Amino acid sequence: MLVVSDLHLGKSERIARRGGMLLPPYETTETLTRLSDEAAATQPTSILCLGDSFDDRNAVASLDESHTATLQKLQAGRRWIWIEGNHDPGPLGLGGTTLAEFREGALHFRHIAATPCENGEISGHYHPKARIKHTSRRCFMADQKRIIMPAFGAYTGGLDWTAPELRRLFSDTATAYLTGRRTLAVPIPRIAQTQA
Amino acid sequence: MWMSAIPSTFDDWFASRGWSIHPHQAEMAERADAPSLLMIAPTGGGKTLAGFLPTLTELADGEHSGLHTIYVSPLKALAADIRRNLGTPIEEMELPIRVEDRTGDTSSTRKRRQRADPPHILLTTPESLALLLTYEDAPRIFAGLSRVIVDEIHALSESKRGDQLMLCLAELQNLAPKMRRVGLSATVEDPQAIAHFLARHPDPCPVLYADPGPAPDIQMLQTEELPPWSGGGGKYAIPRVLDEIRKHKTTLIFHNTRAQAEIFFHELWLANEESLPIGIHHGSLSREQRERVEAAMVRGDLRAIVATGSLDLGIDWGDVDLVIQIGAPKNVKRLVQRIGRANHTYNAPSKALVVPANRFEVVECMAALEAVREADLDGEPRGRAPRDVLCQHILIRACRGPFDADNLFETLTSTGAFFDLSRDAFDRCLDMVATGGYALRAYDRWQRLQQRADGMWQLRDPRAARQIRMNLGTIQDTDTLKVRLKGRSGRPLGEIEEGFAATLTPGDTFLIGGRVVRYEGLRELTVEVTRRANKPPKIATFMGTKFATSTQLSERILNTFSKENWPDLPKHTADWLALQRSVSKLPAADRLLIESFPHDGRHHTCVYGFAGRNAMQTLGLLVTERMERAGLDPLGFVSTDYAVLIWGLNQVPEPGPLFDGDNLKEAFESWLSGNAVMKRTFRASATIAGLLERNWGHQRRTGRQASFSSDILYDTLSKYDPDHLMLDITRDEAMKGLVDFGRIENMLERTNGRIDHMVLNRVTPLAAPLFLEPGRVPVVGEGRERLVEEEAERLMQAAGLDNLPQSQKPKWRVPY
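Heads up: the sequence lines are chains L and S, in that order. Residue numbering for the first sequence follows the numbering used here, starting at 750 and increasing by one per position. Residue numbering for the second sequence follows the numbering used here, starting at 220 and increasing by one per position.
Since the hints were made in silico from the structure, they are not lab data. Since we're looking at a predicted model, the values are computed, not measured. Please note that the accuracy of each hint is not assured.
Claimed, not checked - Facing chain L, from chain S, some residues (calculated, C-beta under 7 Å):
{"#": "1", "residue": "GLN411"}
{"#": "2", "residue": "ILE457"}
{"#": "3", "residue": "GLY528"}
{"#": "4", "residue": "TRP665"}
{"#": "5", "residue": "PRO681"}
{"#": "6", "residue": "ALA683"}
{"#": "7", "residue": "ALA684"}
{"#": "8", "residue": "ILE687"}
{"#": "9", "residue": "MET689"}
{"#": "10", "residue": "PHE816"}
{"#": "11", "residue": "GLU912"}
{"#": "12", "residue": "PHE927"}
{"#": "13", "residue": "LEU936"}
{"#": "14", "residue": "GLU1009"}
{"#": "15", "residue": "GLU1010"}
Quick reminder that beta carbons are idealized off the backbone N, C-alpha and C, glycines included.
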């Protein structure tokens, strides 16, 4: 199973629609291209999108034809699950199954981490980001009980790994796995640190 | 002869103060009807009064209603200063004139009132004026406008603020066709260029010159202690500087950077045994602190002020009788303007001392003094007009109401800066502002500007005007954090750069406002400090401009080198140059000197390009990249205004190919596109052009996910839309600024392949100071990745997590 979180497809369109900036409208292409590459490399039997797959529900309607085609191609011959996020609640009408939460074996998938913590929970929502040596990297945060995944979408910011609302979801000995050319494991600092 | 232009009330008032009207003031009054006039006057030449005299005389009869004159200055403080200065003649002559200022500090109630009932004279800044022009009622506000006075136009003309202002003047001219323009400038190298910049194209713009006054009394400070071999602090001169402060009433001490000003001020106080009252003033200090220093200065309470460029512009500080410039001035024009701050009275010679910070700067200071004596000023030409400012102006125009593209194009091309703008370039800018200008027509329904059936353009959503106003202006805020004393509310000490704050850990100390403070922690967006300073301070890095030595000064230095001997230079410096000539060569203008020598187990190569700091830095990056590819294993480099010193594992056998012009340009293009300078410029220019909002990425640490970095936008745009206009503008702006490739090209042209490669067995006298120079740049390939990995490993070990059984280590495939 391939799991990705927070794709935020259609983000630039949503910002423009609300009368804001006209950002380069290429993030949906970029994100779906990367997702296709991952699917090709890992050949999963299931793909699960962990919520906030679209920046809002209107973004679904304004998807480009080529993008819907890419999604259909990705869904062909495998199980596809959309978990609802706070940005995209309810069924999307794009194939696959839409669920609020999903259980598979000991694992429990949902968009936002629940309190109190359940064992084996995997969630997204916070877009965690680690900083060491003045370098900032998207990261997985994990302890014995849960994992919070980084955002997969091209146009997504991050929340610092030491932000209290994120840090308090983990035990003192939690570890972050930094994305990059090589995956790096780093203990998560306990106190808020200065950022660059 | 000027009696005709100036009413007798004024003449009497001047007489009652024991003043007489200066010839240039009279000439200004006489030629008041000219559509454009530029006045060049030294500081203290009474040029502001000259600018205002025609306004005061025209308003004296009380018949004009509404706005008559707009005065624009680059500094808010200057507007307030002028309001006080104009108050005296207006009160004493009982003139029926209302004067008000309007800046970012003006309350919104007052601003609203000013729009309903404008004063006769409005004192403002380029940004506040642009803001006024976004309102629908602008035509009514400016209907009776008769004159615009642009003060310190020499400073404005060097930045995008000036371009924006001139576009606004073109709009004003449409609203008030009879408006006349007056520019007030300090001494500059090319008055015609500024006249062209000010006037409506192609109107003529006569230039009036005030008597430059007696030649300044300027010398190099003689010290017993020799200047050090490198560095920029000027610490060695402190005892002599204190002597001079004692001998004079008030001394202004200029530095080229804020960090140097801070260090010098700190050291000065350590040596200031008599506790002479000495203050510090620079742009990173809090407003409260700056105002306190300014007030003390005006009262005459201070004997000296350590300052940076923040005091370059013409606020009247009273009795300054000595200016000291620490460090080579880098630019003759700025030196002359700074010298002018001493003796702010007309017709008295200014007295100034120049203090070279190191041995090399002795040569540069001598060259600068010579240039000042010959009144040979320098400056770089303005370059292509910035199209990001143009885009912002289209938005400003759209806020005011529907507009016709042909009319707007005509207005824009009536400015000196944009007179040669092609219709095609304009249309591309308009398209980008309206639709984003992407190859993928994604925003047809959500365009920012829409063309109506009658051909006029307008905002799709009029509510967007509010957002546009909030993002107006061309000044880029660097990411800074406020510094406050812990536990005490409301006492900001100033600001430091975010990048610097990130290097601090609790307990570290640094200098701010001349005091050593201890870093305690970060609270929301504020750096909290205490006074418990128990370690030597780290030095705050302040953005501020790092000036590069001008082309003209570099030429003078090379010219000095070509002389037989140097009787005018201090003996220690002359001996040093003679030694260099005997063991190697001295650099010459038409040849490129390159020295190779071993030192400390590494091969070193020193390139004397004399192209200024920014260009030499760029050259260092380019050449080391080519060396990397040639397998020469460079390890790092350091650059100054004159040279770049590169070290590595292998000797450079034949430097010629490394400096081959065509290849270098090509390498430059590919290097540039991935460069951090480009990303930073993209962010700045895209913000000005309105593609990004000003506070992009700034909601950090407020607990919400921050906006994603503008670097992602740059990368995405480069990948999917490489011909996008914004990338073109970014390249243009980056070339003008920090990259300074133009000066590398000049250097290659000047030397035209004539390379002198000296292979020596030891460090040469001229290269030696470079070994002490700070700012070494490591050459990184895989290096950075390795640093992060090592740090991760170290942290895991420290946390006792490094010996997890291998099988438990999750194996995830992680993209990006």
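Comparing the hints with the structure gives:
1. GLN411: violated (40 Å)
2. ILE457: It is violated, given that the least Cβ distance between S:ILE457 and chain L is near 33 Å, above 7 Å.
3. GLY528: This hint is violated: S:GLY528 lies away from chain L, its Cβ roughly 26 Å from the closest one there, beyond 7 Å.
4. TRP665: holds (4 Å)
5. PRO681: Where the cut-off is 7 Å and the nearest Cβ of chain L is about 10 Å from S:PRO681, the hint is violated.
6. ALA683: Where the cut-off is 7 Å and the nearest Cβ of chain L is about 5 Å from S:ALA683, the hint holds.
7. ALA684: violated (10 Å)
8. ILE687: violated (10 Å)
9. MET689: Nearest chain L Cβ about 12 Å off; hint violated.
10. PHE816: violated (34 Å)
11. GLU912: Result: holds, 6 Å to nearest chain L Cβ.
12. PHE927: holds (4 Å)
13. LEU936: holds (4 Å)
14. GLU1009: violated (9 Å)
15. GLU1010: OK, holds: S:GLU1010 within 7 Å of chain L, min 5 Å.
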